[in-house]
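J.: Residue-level listing of the chains:
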Amino acid sequence: MLKLAIYGKGGIGKSTTTSNLAAAFTRLGKKVIQIGCDPKADSTINLLGGNPVQPVMDYLREFDEEPETIGQIAKEGFGGVLCIETGGPTPGLGCAGRGIITTFSLLEELELFETYKPDVVLYDVLGDVVCGGFAAPIREGYASEILIVTSGEKMALYAANNIKTAVDHFEDRGYASVKGILLNRRNVENEREKVEAFAKENGLPILADIPRSDDIIRYEDQGMTVIEGDETLAISQVYMELAKTLLEEEDV
Amino acid sequence: MKQVAGLISTYSSDEFGICSALYELGGMVVMHDASGCNSTYTTHDEPRWYDMDSMIYISAISEMEAVMGDDDKLIHDLIETGTELKPEFIAVVGAPIPYMIGTDLSAIASITEQETGIPCFGFAANGMHHYTKGISMALLAIADRFCTKKWKKTDEISVNLLGVTPLDFSLNGSVDSIKSWILQEGMTVNSCFAMGSSLEEIKMAGRAHVNLVLSYGGLAAAKLLEQRFGIPYVVGVPYGRQYADQLASQLRQAAWTGKSVVSYQKETKRAHSDYAIIGESIACASLATAIEMECDVKIKVLTPVDTEHVLLRKQDRKTPDEDDLIEQLQSVQGVIADPMYQALWSKDSGFYTLPHEAFSGRMYDAVNPDLINRSIR
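Taken in order, these protein sequences are the chains called L and W. Going left to right, the first sequence walks through residues 2 to 253 as my numbering numbers them. Going left to right, the second sequence walks through residues 19 to 395 as my numbering numbers them.
Rather than coming from a laboratory, the hints here were simulated on the basis of the structure. One or more of the hints may lead you astray.
[Said to hold, decoys possible] On the chain L side, residues computed to face chain W include the following (Cβ under 8 angstroms):
no., residue
1, PRO92
2, ILE102
3, TYR117
4, PRO119
5, ASP173
[Unchecked claim] Computed list of lysine to aspartate or glutamate pairs in EDC-like fashion (alpha-carbon distance at most 20 angstroms, straight line):
no., chain 1, residue 1, chain 2, residue 2
6, W, LYS241, L, GLU146
7, L, LYS180, L, ASP120
8, W, LYS91, L, GLU172
9, L, LYS32, L, GLU112
10, W, LYS241, L, GLU232
11, W, LYS91, W, GLU81
12, W, LYS91, L, ASP215
13, L, LYS245, L, GLU146
14, W, LYS336, L, GLU110
15, W, LYS20, L, GLU69
16, L, LYS155, L, GLU192
17, W, LYS20, L, ASP59
18, W, LYS241, W, ASP162
19, W, LYS336, L, ASP169
20, W, LYS336, L, ASP120
21, W, LYS104, W, GLU174
22, W, LYS241, L, ASP169
23, L, LYS180, L, GLU69
24, L, LYS32, L, ASP169
25, W, LYS241, L, GLU109
26, W, LYS171, W, GLU244
27, W, LYS20, L, GLU112
28, L, LYS4, L, GLU146
29, L, LYS118, L, GLU232
30, W, LYS20, L, GLU67
31, L, LYS201, L, ASP169
32, W, LYS20, L, GLU66
33, W, LYS336, L, GLU146
34, W, LYS336, L, GLU115
35, W, LYS20, L, GLU192
[Claimed, not checked] Covered stretches of chain L, going by a simulated chain W footprint (3 or more residues, C-beta under 8 angstroms):
no., stretch
36, 69-82
37, 174-187
Cβ coordinates follow ideal geometry from the N, Cα and C atoms, glycine included.
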């Protein structure tokens with residue numbers, strides 16, 4: 002089973018990348034689960050035609066008890082991707098990080114992996130590793146590898162560095178390690194060179210170079226990924242190639 | 019209202035269930051909690067505290083350690099104390115504060131084990147679940163880690179007792195009575211998880227022919243031992259004379275056939291329950307069955323703590339909240355329960371006290387009867 006956590010600066014395109022990657026995996030015949038780990042709960046919306054799944058935290062708030070089946074907190078989207086969103090507490094209250102851990106414990110109790118038997122699990126994680134909760138997806142038993150999404154912008158690279166440092170700090174805990182960088186272009190000057198310099202400094206490969214594309218925005222407006230919209234597009238092929246690379250390396 | 023107890027007490031927590039299950043096994047158990055929180059356990063939930071030594075500690079987590087997520091002090095203390103005391107194992111037990119800040123107790127245990135070479139466990143308790151869950155996770159972890167060797171079976175039928183702690187069985191002689199009953203029935207006790215057996219004895223669990231699951235806390239370990247060694251399990255507590263005889267017969271049968279069974283699962287002819295009994299599901303369903311076999315009544319079990327559907331009979335109910343209990347008690351003429359449940363009983367008569375350590379602590383120890391293998395009537 003390929004279990005990946007996708008981290009990166011807020012707004013850098015993690016959810017877009019994750020959803021397109023999920024869609025690409027399904028096109029390659031794989032069974033996929035995508036878990037959005039962000040209180041905004043918008044990770045999977047473009048796999049669901051714009052009709053979001055009820056986040057786990059919302060379910061707990063509404064029913065005041067834990068769900069008894071996965072079906073109560075998950076929805077199948079494009080290509081059969083099982084979409085789950087942790088959601089979070091009422092903005093300004095509670096603890097969003099704790100919400101992620103609670104969701105993971107719940108999914109474990111519901112034996113999600115044992116019953117659904119996915120080939121690929123993708124964790125789309127909010128911005129930085131700001132506290133214990135946001136490191137939960139990389140703990141033992143969850144993601145085994147991390148992909149960092151960044152552009153050549155200074156603050157995106159700064160966040161990427163913070164993530165790498167946080168992950169290195171957990172080296173003796175058996176947590177996931179960083180597999181590589183996904184360059185999501187914002188068309189800044191010397192973008193490739195800047196990201197290459199960061200990657201080299203940290204000994205990481207650049208696994209994909211994703212060009213800025215109006216097609217992504219166009220299809221997102223219709224509640225879908227570019228893979229769903231038009232698989233033949235050049236941008237779609239970038240995600241397809243990335244999915245193939247990741248599968249080949251893991252021999253899934 | 020859900021998750022509200024306005025009239026009654028609450029059960030001992032998962033944190034204390036773990037401590038209770040591990041108390042006699044020679045391990046170092048560390049509650050990762052604020053200083054003082056261990057007094058709840060030692061004062062109310064652990065009747066062995068003043069008479070039997072055990073390495074139960076509290077980490078005394080401070081406000082700043084919690085805010086900063088500083089695990090290093092705990093890891094340092096675990097390594098230093100573990101190296102000095104050389105316990106059989108080290109268990110780090112979660113509590114509300116580490117739960118809220120998402121402390122990774124498994125990772126802390128893993129680092130401590132790497133440094134000390136002592137087997138370490140991280141238990142993700144949070145102080146908000148019931149003791150039943152704590153006992154279950156502790157005994158499962160012990161069985162998983164230490165019961166790995168396959169042993170030659172003894173000639174006579176030998177039995178492991180699973181799910182035994184003072185939280186369910188008090189120190190009123192019940193556990194000794196269960197062991198005597200096993201011997202009286204021509205079988206032997208191989209080990210007891212976890213009162214009166216050393217860790218070395220527990221390691222030899224694979225030698226037994228059959229496991230007797232005496233509370234919910236023993237079920238997960240029983241399933242693991244069944245899977246690992248093919249040892250079947252029988253669920254039930256030998257209350258009353260007739261029911262104890264039936265249970266002994268089922269133990270022998272399971273040892274012979276290799277098939278696990280919940281001993282009290284039988285349909286009764288009467289539709290309406292006359293009485294209710296409140297508490298842990300296996301103990302209560304066993305007692306209810308024992309009484310039904312000796313008296314002409316029907317009794318339903320109301321269980322506010324963890325259980326599984328298979329452990330309940332047709333008329334039994336899960337009653338997680340106070341309101342559920344109040345509703346269920348409306349329709350019966352009597353109830354058997356811990357004295358602290360009297361607050362929910364509005365009738366003038368019909369309340370029969372049966373103290374439960376996990377609910378009222380040591381308050382009623384002096385009047386807690388041993389009902390093992392003796393006539394209920």
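J.: Count residues of the stretch 174-187 of chain L with a Cβ under 8 angstroms from any Cβ of chain W, then say if the count reaches three.
T.: holds (count 3)
J.: For W/LYS20 and L/GLU66, compute the direct alpha-carbon distance and say whether it is at most 20 angstroms.
T.: Judged against 20 angstroms, a Cα distance of about 9 angstroms means the pair holds.
J.: Can you confirm whether the C-alpha distance between W/LYS241 and L/GLU146 stays at or below 20 angstroms?
T.: This hinted pair is violated, its Cα atoms lying about 33 angstroms apart.
J.: For the pair we were handed, W/LYS336 and L/ASP120, check the Cα-Cα distance against 20 angstroms.
T.: Distance of about 37 angstroms is beyond 20 angstroms: violated.
J.: Any CB of chain W closer than 8 angstroms to the CB of L/ILE102?
T.: OK, holds: L/ILE102 within 8 angstroms of chain W, min 5 angstroms.
J.: For the pair supplied as a hint, W/LYS241 and W/ASP162, is the alpha-carbon distance within the 20 angstroms limit?
T.: With Cα atoms ~11 angstroms apart, W/LYS241 and W/ASP162 stay inside 20 angstroms; holds.
J.: CA of W/LYS241 to CA of L/GLU109, is that 20 angstroms or under?
T.: 18 angstroms, holds
J.: With a cut-off of 20 angstroms on the C-alpha distance, tell me whether W/LYS91 and W/GLU81 pass.
T.: 13 angstroms, holds
J.: If you draw a straight line from the CA of L/LYS32 to the CA of L/ASP169, is it 20 angstroms or shorter?
T.: 30 angstroms, violated
J.: Between L/LYS4 and L/GLU146, does the CA-CA distance stay at or below 20 angstroms?
T.: At roughly 7 angstroms apart (the allowed maximum being 20 angstroms), L/GLU146 and L/LYS4 satisfy the hint.
J.: Given the proposed pairing of L/LYS32 with L/GLU112, does the C-alpha separation stay at or below 20 angstroms?
T.: Holds - the C-alpha atoms of L/GLU112 and L/LYS32 are around 16 angstroms apart, at most 20 angstroms.
J.: Could you grab the alpha-carbon distance between W/LYS241 and L/GLU232 and see if it respects the 20 angstroms cut-off?
T.: 49 angstroms, violated
The structure does not agree with the numbered hints 1, 3, 4, 6, 10, 12, 19, 20, 21, 22, 23, 24, 27, 29, 33, 34, 35 and 36 stated previously, though it agrees with the rest.
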